Amino acid sequence: MNERLGSINRKYLLLLLIQSFCYVDRIFSSQIDDPYQILGISRRATIREIKQAYKTLAKEWHPDKNQKSDAHEKFMAITEAYEILSDPLRKERYDKFGSFDDPPPSRTYAHYSFDDYL
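When the letters of the sequence shown are read in order and numbered with mature numbering (1 follows the signal peptide of the UniProt record, and there is no 0), they come out as residues -29 to -1, 1 to 89.
A portion of the hints provided could be inaccurate.
Derived DEER-like restraints, expressed as beta-carbon distance ranges [what the hints assert, rightly or not]:
1) D41 x I18: 24 to 30 Å
2) R19 x E44: 41 to 47 Å
3) G11 x P34: 17 to 23 Å
4) R(-20) x P59: 52 to 58 Å
5) G69 x E44: 28 to 34 Å
6) D58 x K36: 21 to 27 Å
7) R(-20) x K22: 24 to 30 Å
8) E31 x D5: 39 to 45 Å
9) E63 x N37: 31 to 37 Å
10) K36 x R15: 27 to 33 Å
11) E20 x G69: 35 to 41 Å
12) T17 x R(-20): 52 to 58 Å
Worth flagging that the hints you see were computed from the coordinates, not collected in a lab. As the structure is a prediction and not an experimental result, all values here were calculated from the model. Yeah, the Cβ is synthetic: ideal placement off N, Cα and C, and Gly gets one too.
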């Protein structure tokens, strides 16, 4: 009986550990996608501060200058973050909705008259 209880506790602990890792992974992956965090600036940053942060990070992480294995990925993330925040429309969309993708197209419905079917 005692061994069975220990087995259940280990399984429960393992499940809890897996859930914790998934939760932490979700938190970190969502932070990586935030262009403000990528550039290390506040949401109130001016366009001048956005450009300065981009230039500084681009110099540091450019694959031609940085030989680390993840330099290319970081450089691409930095560039994408800059493209979002330097475009007023995309920045406004991200600030309002947390997304920088184009909004889904709105549905349009054709209006037909009954006479069209006669």
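Is it true that E20 and G69 lie within 35 to 41 Å of each other by Cβ? At roughly 21 Å between Cβ atoms, G69 and E20 fall outside 35 to 41 Å, so the hint is violated.
Supplied distance hint 27 to 33 Å, evaluated on CB atoms of K36 and R15: 30 Å, holds
Could you check the hint for me, namely that G11 and P34 are 17 to 23 Å apart, CB to CB? Holds, since G11 and P34 (Cβ atoms, about 20 Å apart) stay within the stated range.
Given the hint of 24 to 30 Å, is the C-beta distance from D41 to I18 inside that range or not? Holds, at about 28 Å.
That 28 to 34 Å hint for G69 and E44 (C-beta), does it hold up? 22 Å, violated
Whether the CB-CB distance between E31 and D5 falls inside 39 to 45 Å: 19 Å, violated
Note whether the CB distance of E63 and N37 lies within 31 to 37 Å or breaks it. 32 Å, holds
So does R(-20) sit 52 to 58 Å from P59, Cβ to Cβ? 55 Å, holds
Holds or violated: the 21 to 27 Å window for the beta-carbon distance between D58 and K36? 26 Å, holds
Is it true that the C-beta distance of T17 to R(-20) lies inside 52 to 58 Å, as the hint says? 54 Å, holds
Is it true that R19 and E44 lie within 41 to 47 Å of each other by Cβ? 27 Å, violated
In this structure, is the beta-carbon distance linking R(-20) and K22 contained in 24 to 30 Å? 54 Å, violated
In this structure, the earlier hints numbered 2, 5, 7, 8, 11 are contradicted, and the remaining ones agree with it.
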